[in-house]
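Given chain A, work out where chain B should sit, using these hints.
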Amino acid sequence: MIKKGLLLILLVGFVAVISGLLINFTGSNELNPLASYYAEKGPTEVGAANLVTAVVITYRGFDTLGEVTILFIAAAIVGFFLKTMNADTNRPLRLRKTSEILETASTLLVPTIFMLGAYIFVNGHLTPGGGFQGGAVIATGVMMIILARPASQFNHKLISVLESISGIGFVVMGVLGLVLASGFLNNAFLPLGKLGSLLSAGAIPIIYVFIGIKVGSELTSILDSLKENQNEI
Amino acid sequence: MAQYLTLEFIAMLTGFILIIIGLWGMITQKNLIKLVIGFSLFDTGLNIVIVSMAYVKNSTAPIIDKAVDVSQAASKIADPVPQALVLTSIVIGLGVTALMLAYVLRMYREKKSLDINSYTDLRW
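Protein chains in written order, with this note's numbering: chain A, 1 to 233; chain B, 1001 to 1124.
These are computed hints drawn from the structure, not numbers from a lab.
Backbone N, C-alpha and C define an ideal beta-carbon position, used for all residues, glycine too.
Careful: at least some of the hints might be erroneous.
To be verified - Just some of the chain A residues that point at chain B, by a computed CB distance under 10 Å: (1) LEU10; (2) SER28; (3) ARG60; (4) ALA105; (5) LEU108; (6) LEU109; (7) PHE154; (8) HIS156; (9) GLU218.
Claimed, not checked - Calculated pairs, SDA-like style, for lysine to any residue (alpha carbon to alpha carbon, straight line, at most 25 Å): (10) B/LYS1034 to B/VAL1081; (11) A/LYS227 to B/LYS1034; (12) A/LYS41 to B/ILE1050; (13) A/LYS227 to A/LEU162; (14) B/LYS1112 to A/LEU192; (15) B/LYS1034 to B/LYS1076; (16) B/LYS1076 to A/LEU162; (17) A/LYS227 to B/ARG1106; (18) B/LYS1076 to B/ASN1058.
Just chain A, with the same shape it has in the complex (with noise of 0.2 Å):
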C-alpha cells in the first residue's frame, strides 16, 4: 500500500513538473539564429540538399564519429556476453520447422530489402534517408533470413571484415578532409556537384555508404549473438 501511494506520488510530481513545460509551450515562428545559419550556408558549404545529413555528418560530424563508436561497443559488448555462455554448452541446436510460406517469400523479400537498404544509404544526402536507417534496413533483411532460415550461419569474418574496413574507411575520409580541406569531416575535398543531384554534396555520399556498411553488419553482429544463444534457454 505504502509501495503505491510512493509511486502515485511520484509519478504525479514527474507529471506536475512536466505539465509546466508543457501548458507553457508555444511553438516558434522562426528558426533560431544556429540554425537559420545551416539552412541559409549549408546547401552552399556543403552541398547536400538533405540539412539534417549536411547538420549529422558535417557540421557534427564528430557526434556522429562517437555514435557509430558507441554502437560498436555495444556490439562488441553483446557478442561477448553471449559468446561466453556459449562456450561450456556443445548441444545440438533444436529448431522449429518454418512455414512454407516464410522460406518462399524471404527468397523473393529479402534480396529487396537489401536493395531498398542500399538505396535508403546511397541518397542519404537528398532524401529523409541516411547510412544509419538503410543499416537498420539492411539488418531487418538479416532478421528475415534468421526467422526463415535458422539453421543458416552467418559468415563471421566476413562480418568482422566489412564492419572494420567501413569503420576506417570513415575515419580516412575525415583525415582527408582534415588534409586536403579546411578541417575534420569537412566534406569539400571532393567536388560538391550540382545540388540535389545523386553525386553531388562531395564526400557526403561515400561516407554514407560506410556508415550503413558498418551499422548493417553491426547490427547483424547484433541479431547473430542473440539467435546463437536461443538454444541456452
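This is chain B only, laid out in the frame that chain A set:
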C-alpha cells in the same frame, strides 16, 4: 483551447504521455523484458518531445527540393539540429536496448526466471 490544437503541441503531449507510461513501466513491472520495454518507451517519448520542439509553425522538412527553394530555405524549414540529435539518440537507444536484452538473456540463464524479485543478490 485553440492554442492547444496545434501539431507541435499534440506531438509533445504524445511524447510526454509515452514518457510517463515508460516511467510507470520501469517502476512497477516485475518482468525483466517489460522493464526493457519501459526504458524503450521512455526513450521514444523523449525523442518525440525533442522533435516537436524543433517544429516551426507552417514549416516543412529541412530538405531543399521543389517545395523549398535555396534562397528562402531559412523561412520555410523546421530546425534541422534537434532532428540530427534525435537521429543520434535513436541509434544509441537501440544500442542500449540490445545491451539490456543481452543482460536479460544472461540473467535468465543463471536463474531461469524473468521475475526481478528472484534476483536478490544485491538487496539490502
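Please name the hints from earlier in the document that this structure breaks, with their numbers sorted from lowest to highest.
4, 5, 6, 7, 8, 10, 14, 15 and 16
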